[in-house]
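**Student:** Taking the hints into account, I'd like the entire structure generated from these sequences.
There are 4 protein chains.
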Amino acid sequence: MGGNSFGNLFRITTWGESHGEAVGAVIEGCPPRISLSSEDIQKELDRRRPGQGMGSSPRKEGDRVEILSGVFEGMTTGTPISLLIKNEDIDSTPYEKIKDIFRPGQADFSYQAKYGIRDYRGGGRASARETVGRVAAGAIAKKILEQERIGILAYTTELGGIRAERIDYEEIEKNFFRCPDRDAALAMEKRIEEVKRRGDTLGGILEMIIKGCPAGLGEPVFDKLEADLAKGVMSIGGIRGVEVGAGFKVARMLGSECNDPLGPEGFEKNDSGGILGGISIGSEILIRVAVKPIPSIFMEQKTVDHSMRPVVLRIEGRHDVSAIPRIIPVCEAMAAIVLADHLLRQKAIGRR
Amino acid sequence: MGGNSFGNLFRITTWGESHGEAVGAVIEGCPPRISLSSEDIQKELDRRRPGQGMGSSPRKEGDRVEILSGVFEGMTTGTPISLLIKNEDIDSTPYEKIKDIFRPGQADFSYQAKYGIRDYRGGGRASARETVGRVAAGAIAKKILEQERIGILAYTTELGGIRAERIDYEEIEKNFFRCPDRDAALAMEKRIEEVKRRGDTLGGILEMIIKGCPAGLGEPVFDKLEADLAKGVMSIGGIRGVEVGAGFKVARMLGSECNDPLGPEGFEKNDSGGILGGISIGSEILIRVAVKPIPSIFMEQKTVDHSMRPVVLRIEGRHDVSAIPRIIPVCEAMAAIVLADHLLRQKAIGRR
Amino acid sequence: MGGNSFGNLFRITTWGESHGEAVGAVIEGCPPRISLSSEDIQKELDRRRPGQGMGSSPRKEGDRVEILSGVFEGMTTGTPISLLIKNEDIDSTPYEKIKDIFRPGQADFSYQAKYGIRDYRGGGRASARETVGRVAAGAIAKKILEQERIGILAYTTELGGIRAERIDYEEIEKNFFRCPDRDAALAMEKRIEEVKRRGDTLGGILEMIIKGCPAGLGEPVFDKLEADLAKGVMSIGGIRGVEVGAGFKVARMLGSECNDPLGPEGFEKNDSGGILGGISIGSEILIRVAVKPIPSIFMEQKTVDHSMRPVVLRIEGRHDVSAIPRIIPVCEAMAAIVLADHLLRQKAIGRR
Amino acid sequence: MGGNSFGNLFRITTWGESHGEAVGAVIEGCPPRISLSSEDIQKELDRRRPGQGMGSSPRKEGDRVEILSGVFEGMTTGTPISLLIKNEDIDSTPYEKIKDIFRPGQADFSYQAKYGIRDYRGGGRASARETVGRVAAGAIAKKILEQERIGILAYTTELGGIRAERIDYEEIEKNFFRCPDRDAALAMEKRIEEVKRRGDTLGGILEMIIKGCPAGLGEPVFDKLEADLAKGVMSIGGIRGVEVGAGFKVARMLGSECNDPLGPEGFEKNDSGGILGGISIGSEILIRVAVKPIPSIFMEQKTVDHSMRPVVLRIEGRHDVSAIPRIIPVCEAMAAIVLADHLLRQKAIGRR
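Chains as they are written, first to last, in our numbering: chain W, 65 to 416; chain D, 65 to 416; chain U, 65 to 416; chain F, 65 to 416.
Some clues are possibly wrong.
Each pair may be met inside one copy or between any two copies, as identical chains are not told apart.
[As the list claims (entries may be wrong)] In silico EDC-like links for lysine to aspartate or glutamate, alpha-carbon gap of 16 Å or less:
#  : residue 1 : residue 2
1  : Lys150    : Glu130
2  : Lys161    : Asp369
3  : Lys366    : Glu329
4  : Lys260    : Glu321
5  : Lys313    : Glu364
6  : Lys333    : Glu234
7  : Lys163    : Glu137
8  : Lys366    : Glu321
9  : Lys333    : Glu253
10 : Lys107    : Glu210
11 : Lys366    : Glu258
12 : Lys366    : Glu332
13 : Lys275    : Glu212
14 : Lys260    : Asp232
15 : Lys366    : Asp164
16 : Lys163    : Glu380
I should point out that these hints are in silico values taken from the structure, not numbers from a laboratory. Model, not experiment: these values are computed from the prediction.
**Tutor:** Listed below in structure tokens is the structure:
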């Protein structure tokens, strides 16, 4: 209910501000006797860590996870798992100067309006740093999915107007942008460099494929699988759209085109994106999300201070040019959490 | 937790199958001493009722709501409000013949996979009839919003490839499609007739504007306002995509374009769609959703029966050509429920 | 969240006022393919129905349950089950005269303070009539427990100062008070008659035994089995105390007396009441509850009206002398709901 | 849902095992701009810390709380508050020898049955050490209550058969047992010493009074104030009974005795314990709980190992003789959390 928890049976609660002591997550409902080590979690944290390449912010986040509870002799015990990641290499100086100014495109104005107080350092709770807790928790969800042979694959299909023209799964892990088209990845690199020089930022589109999901997950009528997936990814800062299967294209399709025929081997195409009536059908689940440009641009911006007096703002500090590719493991984490939760929910009522 | 409840402080639980006795909703958490009559609810139900015009299914649903509890002498009492709408004019005969066949694009396969049993008559719980409960509950949410002068306006921007080229609010209630462009509405009419003749169906796009929403609604980091709105609309059958503000267009915007500058009067444009950091900013909230074509087409379709044996299916019965415009009050209802819930949540922690 | 729902995976929402149209319940999370008929529910409703004997209110409640959804061809479908029981033989006249007076021991004052409005007819939502929904929902929970061979047995151990001196299970269903001691039952009958003549009312104590509960149910640290059972029964109007196993007697026990030794066949006594660390151990679960006298006495009472002006009140109408024995099936229902919920929760994380 | 969270709007999640790295709590829903320092929390932790006097375990728990998030410049920000308390002075050696043995009266058997794995060191999650998180979170709830001038006072009324014969509030903080009767406190001291010599342990009874609670808190019909209070305290390890107001005495009262008459100044006595119909009435709220003897006795006990083979067990290690008085701040914490939660819930729907 507090807005910082997500999931039902598999439930995560995250906490922490960008420039506070630490960030973390508590995971409830993880089944007992699943093998879990800090390496399992570290691996995912390393995928979202900054400073790995181009277009990326130079802040050094070591992001070493500590497992404080819920694991005994390498196995989960069924009790809550508390994860802690210290905040390191923090420099709040650039934020002191602008602590009374609302940065455009950021949550400064809305947090002030809602709470009447805000930790302005590094964006506080509204910082992308918050996603560390999601990724750490998602790593545990992925362990549950692994047991059921469910895998999640996410990649960049568009960045700054450059689109992947082909989907080569082999290519994804080979380039910085996790783009399944090598040529597009090269063009994205150039685009990022060019925009970075001007102090501007870029948006893009991601695609996520969930493989191996059994039929039967999803709880109509409100906790439909696509509804929970949509909420999961839309709760990530900077996501402005989400679609499933054919997505917005359905608006121009006929029913006779959109329906997926069934044959003895199952569904013969997959415009449904693997979900019908809110329940998985055993096909691949396909989700696409739109990522807005990072609002921290190094250009003059028109805005106001807390007294609504006009200000010309020029942000300093360290920021990425695009939330892509670092947002990819965050999207995967949210999908993993939704699926782990629905797996457990289905077990509760499931056929024996 | 059961998947048939939605909301936290303002919480609805819906129930009912298409060809069962009745459908209904229980509304918890409605504040006391709000004036409420069955007419308030009937008005909204009438907006989603079939048989009102072209492209619409001839099933006669009187859809008279009965308020069974929670209202005393015309006022809410703070106790749960139970609403019941009888199912009338039911003919299950067409479904008898196909009870062992999975209709493409429908939830037949997935319900069978999940529950191992399904009420095949009229699609059972997976029928659009289920949305009656949402609309009835949404009417009560709207009463709460009225008190705060928050209004929701939804309209069709695209149907079967025909797009509204202009947004004339005055026009919306004047045509069947609730399309804000009269010429587009006429073209949509023709498109529907033509497709109906072939037994096919159409998809489209809706837009929703929420006016008068105060700044401060939304509960980061998971129950962000756009996340709950996305879940709300994505939980409606047939919705395949949702976007907020600039939506998928953000993928091709620069940060310097996407950020909304602030002036002494507030935000100077609204690409954020009225939400920053998951919290409303006092601007109009803008949501767009993609509606897939109704899967019940009157053409031969390739499918299988419960034993996965090939079947050629030709559906009979009564069906709309498009979920638009009847899905409009359903989308509005879900948005109203999300907003009423967040209003109450903000009151709980709110500034005094 | 609204206070009218109970349970997590097996979740009930009840609604309805004493003199409104009807009372009812919506049950979410009932597993599919459990055989369920209205007789299964009627049987339990008949056990709590008034007018069955001595000390009982003459209001004629037919209490015929209607199953409106969630059951198809005699089997649950996994969709929400909506139950409706009409309110019949209502006479609100006696309440008109006292609508501005707070009856002592009743919820009149507190509802007015909380909501600023109340349906004064028959006590509105605060009436014992509300428990009809609990009993109806509990009947479904019992069907789930039956499948696992879990049974609940409740009986009167004390009424108006008369105590059962022996526990003869065979006797329970043979007397009106469901008292396991025939002699005590006869004494209780006399006590009731005597007190009724004076217009006064009586309290008592119930005991509940849950048989066949497997080890492993309960979710520490907050949703311990005894914690949920305590909440379940304490939420019933008129219950003022609850204890598990040795209960309040533990205050005077030594650790060496209180601990239950274990032998090869399991626990060798049961002072724990079948629960250790919040989790069932496979022994019988034992709960005891204190029931206060019904506050509707036919004697002059000192009280005030809505303006806090003194009034001497003499209640008219129809009322039982004791909530016992009609509260017994209500207690059983709450226990059944708690157990069904925890059974499903354990299945979700359970050992395979 | 995971069993390690409690509350709705004010919601706590605790984590941690007795001999793990640390224990802690995450608090969601604390309103913004409440002054909060680590001293506020430390003060309460110090009240439950061991090693303070007689009958108390010699384990040295420094129990220094660290606030990791949610507080900025001494004020809450509305974001989740993460609290961490390291586990210090741990010696797991005594537990190594008995890791395959079920200690009577403990949760060893039930955790093994439920999860198939358990952290046997110091009782793991089932240890009283778990209550550190409750007390820390309760300290924050108390800050909210302070703002509304609500106070909680708990004290010992019975220990090892010695009963307080008078209630002198001034005396409570002056003796080790927080007993409101100085003579009884002296007798309790002797009783503890005597029993300690034999290696045995003692139970007792606590009373809690909530002062200053406004009328209107509580959410019928399931989240009644006494139901949530009952759940809150019954979820604490070792509590076996709870009663409100006259409690189990109601069983022998007449309605004419039990009803509290109302006069122009309000209720003229308080057998209701300050709650009617599940809602506070503005009078003092009175709760009484039964605490069982600590099961860790230093005497030979009959039990079995994991293979259900008979074993004679003699426990070593460090343990209190009675959970009293250290359980007192834990009970207060749970009551504070329930009240803070209901305060916020009432604000959400409250009269303006």
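**Student:** If a hint holds in the structure, say so; if it does not, say that too.
**Tutor:** Results of checking the hints against the structure:
Taking the shortest alpha-carbon separations for Lys150 and Glu130, both the intra-copy value of 9 Å and the inter-copy value of 13 Å come in at or below 16 Å. Proximity of Lys161 to Asp369 under the C-alpha cut-off of 16 Å is restricted to the intra-copy arrangement: shortest distance 11 Å within a copy versus 61 Å between copies. Within a single copy, Lys366 and Glu329 get their C-alpha atoms only as close as 59 Å, which misses the 16 Å cut-off; across copies the closest is 13 Å, which meets it. Taking the shortest Cα distances, Lys260 and Glu321 sit within 16 Å of each other only across copies (15 Å), while inside one copy they are farther apart (43 Å).
When the C-alpha separation of Lys313 and Glu364 is checked against a cutoff of 16 Å, the pair qualifies neither within a copy, at 38 Å, nor between copies, at 23 Å. Taking the closest pair of Cα atoms, Lys333 and Glu234 never come within 16 Å of each other, the shortest separation being 23 Å inside a single copy and 42 Å across copies. For the homomeric pair Lys163 and Glu137, the shortest alpha-carbon distance between copies (13 Å) is at most 16 Å, but the shortest distance inside one copy (46 Å) is not. Proximity of Lys366 to Glu321 under the C-alpha cut-off of 16 Å is restricted to the inter-copy arrangement: shortest distance 12 Å between copies versus 48 Å within a copy.
Proximity of Lys333 to Glu253 under the C-alpha cut-off of 16 Å is found in neither arrangement, the shortest distances being 34 Å within a copy and 30 Å between copies. In this homomeric assembly, Lys107 and Glu210 come within 16 Å of each other (Cα to Cα) only inside a single copy, at 15 Å, whereas the closest approach across copies is 45 Å. Proximity of Lys366 and Glu258 under a CA criterion of 16 Å is satisfied in neither setting, with 23 Å inside one chain copy and 51 Å between copies. Only between protomers do Lys366 and Glu332 lie at most 16 Å apart by alpha-carbon distance; the minimum there is 10 Å, versus 53 Å within a single protomer.
In this assembly of identical chains, Lys275 and Glu212 lie within 16 Å of each other by CA distance solely inside one copy; the values are 11 Å within and 35 Å between copies. Taking identical chains as interchangeable, the C-alpha atoms of Lys260 and Asp232 are never at most 16 Å apart, the minima being 28 Å within one chain and 40 Å between chains. Only within a single protomer do Lys366 and Asp164 lie at most 16 Å apart by alpha-carbon distance; the minimum there is 14 Å, versus 60 Å between protomers. Taking CA atoms no more than 16 Å apart as the test, Lys163 paired with Glu380 passes inside one copy only; the shortest distance there is 13 Å, against 57 Å between copies.
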